[in-house]
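Novice: Required output: the full structure, derived from the provided sequences and hints.
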Amino acid sequence: MIAIVNYKAGNLASVKKAFDHLGYESAITADPGVISRADKIVLPGVGNFEATTALAGSLQEVVVQAIDRQVPLLGICLGMQWMFESSQEAPQLRGLGLFAGECEKFPAAVKSPHVGWNQLQVAGTSRLLRGLSQDSFVYFTHSYRAPVVEATVGRCEYGGPFSAVVERGELFGVQFHPEKSGTAGLQLLRNFGEL
Amino acid sequence: MLTKRIIACLDVDAGRVVKGVQFSDLRDAGDPAELALTHGRAGADEVVMLDISATYENRSTLLDVVRRTARQLFIPFTVGGGIRSLDDAAAVFDAGADKVAVNSAALADPALIGRVAHRYGSQAVIVAIDALRISNGNSLSFGVKATGGRHTTGRDAVAWAVEAEQCGAGEILLTSIDRDGMRDGFDCELTRAVVNAVKIPVIASGGAGAAGHFVEVFRDGRADAALAASIFHLGITPIAELKQELQTAGIPMRWPC
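Quick note, the sequences are listed as chains C and G, same order. For the first sequence, counting from 1, position 47 maps to 47 in the working numbering; every step adds exactly one. Just add 1000 to the spot in the second sequence (first one is 1) and you have the working numbering.
Hints may be right or wrong, so weigh each one.
[Claimed, not checked] Straight-line distance between alpha carbons at most 30 Å, and here's what the computed DSS-like set of lysine-lysine pairs gives:
hint, chain 1, residue 1, chain 2, residue 2
1, C, 111, G, 1199
2, C, 8, C, 111
3, C, 8, G, 1199
4, C, 105, C, 8
5, C, 105, G, 1019
[Stated by the list, open to error] The following residues of chain C were derived to be distant from chain G, with all beta-carbon distances above 12 Å:
hint, residue
6, 14
7, 56
8, 64
9, 65
10, 71
11, 136
12, 180
13, 191
No wet-lab data here; the hints were simulated from the structure. Think of the CB as a built atom: it goes at the ideal place given N, C-alpha and C, for glycine as much as any other residue.
Specialist: See the structure below:
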C-alpha cells in the first residue's frame, strides 16, 4: 500500500486517482500507524513551505523512521522542497535535509509563479525516470525552486536551471506534478509503484 | 522551455456541453466527460469546465460530471461557474478538480479568492473576468460584467485583475465578451493590457477561430495560455494541427505530447 501523507497542503485526491488508474493501492492518510505500515510513502502538497509545519512531530518521526528502513519515499512539489534543507519562502523553518541546499525564489527576470508545461532534461540514470524520453513535457506550478545538486537526475530550465527530479537510493523528489503530466507523469508514477 | 498552453473549454448546462455566441444562442455539443478526455488525448494542455447556468438543481449533475471526468483526465482540470463560497469550491475540489474558476462571487466578495487560496493554494484559484470594450471618444477601456455577462459592475478589467492577484489569485482567465463565439480573433489589446498589469499567468479567451488568432494572442497579446471551445468541439481546428502550426510559427508548444 502506498501512503499519501495528508498534511492539509492542498488537494491530494488527484495523486490517489492516478494510482487508482494505474492499479496501485493507495490511501490518503494522516495516521502515523498507517504510514509506518506502508510499502511506499508519497509526500504531495502545494502551497507555502510553512504548510510543512503540519508535518512536525509524529508525522515527521514516522516518515524519518520509514526512510531509515529504506521505504521508498516520493516528494511531490512542496513535498520535494521539504526534502531539502530549507526554503527562502519560510527561512525560519527546517526541511528534512535529505538533499543539500536551500529552495529559492525565481529571478526577477522571469514571471513567477512558473506555471505550465516545461521540459525535463534527463541527466544521469534514474529508476524513477525509466521509460521517459529526453525533453518530456511535465506540468509545473511553483514559486520557489530547488537547486541543482548531486542527486539531480532531471533538470528544468526557467530563469536558470533547477532540480525537477532528485533521486538517491530510495529517496525521490519531483518538482512538477506527475499526476497532472499526462502519459509521462503516469509512467513516472508507475515506475514508483513498481519499485 | 516553458510552453504556451492551449486550453479546451467545455461550457456545461444541465450535464451537457453547449456552445453559444456572445454568451447566448446555446447549442448541444456532447457529453462533458467524453469531450474532456477526447481533448486531452488530442493534445489539449488543460481542460476547463464551466457550468454556465449554475443553478442549484444542476449542481449535483455537475459534480457527477466532474467526478467522471477527473477519474481519467491526468492533465490540469479547472471547474468554474456558480462557485459562491469556500464550501462550493471544496465540493468541486473533492469531486476531482485541480483548480476552480471564480467570477461573480469574487466580484461581490473579493475576500473569497483569499479564502480558497488559503486552503488550496493560489495555484488552485483562477479568477475569471468577463470583459467588455468601452470606447469613449479616443480612449479605450475595458469594463467587467458579472453573472455570465448579464450585469455591469462599474469595474475596470485591468484594475480588477490587479486586485484579484493581490487577493491571492493564481491565474486570470480573461474572456472578451465582444469576441465570444465570433471566431474572428482574440482581443489582443485587452489581453496585453491585463498581462502588462499582473505577474500571474493570463489565459486569453473569446474569439478563437483559426491558428493565426492564437499566434496573434501569444505574440501581440502576450498571453500565457489561450482557451477555446467551439473550434475544438466542432472539429474546425484539430488541436494537433493547431499546435503544429503554432510551433512552426515559433510559439513554444507542448508537442508532440
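Novice: Evaluate the condition: distance from the CB of residue 136(C) to the nearest CB of chain G exceeds 12 Å.
Specialist: Violated, because the least Cβ-Cβ distance between residue 136(C) and chain G comes to about 9 Å, which does not exceed 12 Å.
Novice: Taking the closest pair, is the beta carbon of residue 71(C) still more than 12 Å from chain G?
Specialist: The claim holds: residue 71(C) sits with its nearest Cβ about 25 Å from chain G, beyond 12 Å.
Novice: Find the nearest Cβ of chain G to the Cβ of residue 65(C) and say whether that gap is larger than 12 Å.
Specialist: Non-interface label stands for residue 65(C): nearest chain G Cβ at 28 Å, farther than 12 Å.
Novice: Taking 12 Å as the cut and beta carbons as the points, is residue 14(C) off the interface with chain G?
Specialist: violated (6 Å)
Novice: Would the pair residue 8(C) and residue 111(C) pass a check requiring their Cα atoms to be no farther apart than 30 Å?
Specialist: holds (27 Å)
Novice: For the pair we were handed, residue 105(C) and residue 8(C), check the Cα-Cα distance against 30 Å.
Specialist: holds (23 Å)
Novice: Minimum Cβ separation between residue 180(C) and chain G greater than 12 Å?
Specialist: The assertion about residue 180(C) is violated, with a minimum of 5 Å to chain G.
Novice: Mind checking the alpha carbons of residue 105(C) and residue 1019(G) for me, to see if they're no more than 30 Å apart?
Specialist: violated (41 Å)
Novice: Does the structure keep residue 8(C) and residue 1199(G) at a Cα separation of 30 Å or less?
Specialist: Holds. Residue 8(C) to residue 1199(G) sits at ~27 Å (cutoff 30 Å).
Novice: Does the claim that residue 56(C) lies outside the interface with chain G hold up, using a Cβ gap greater than 12 Å?
Specialist: Check passes; 20 Å lies beyond 12 Å.
Novice: Does the alpha-carbon distance linking residue 111(C) and residue 1199(G) stay inside the 30 Å limit?
Specialist: holds (6 Å)
Novice: Is the Cβ of residue 64(C) farther than 12 Å from every Cβ of chain G?
Specialist: holds (25 Å)
In the structure shown, a violation is registered for the earlier hints numbered 5, 6, 11 and 12, in ascending order.
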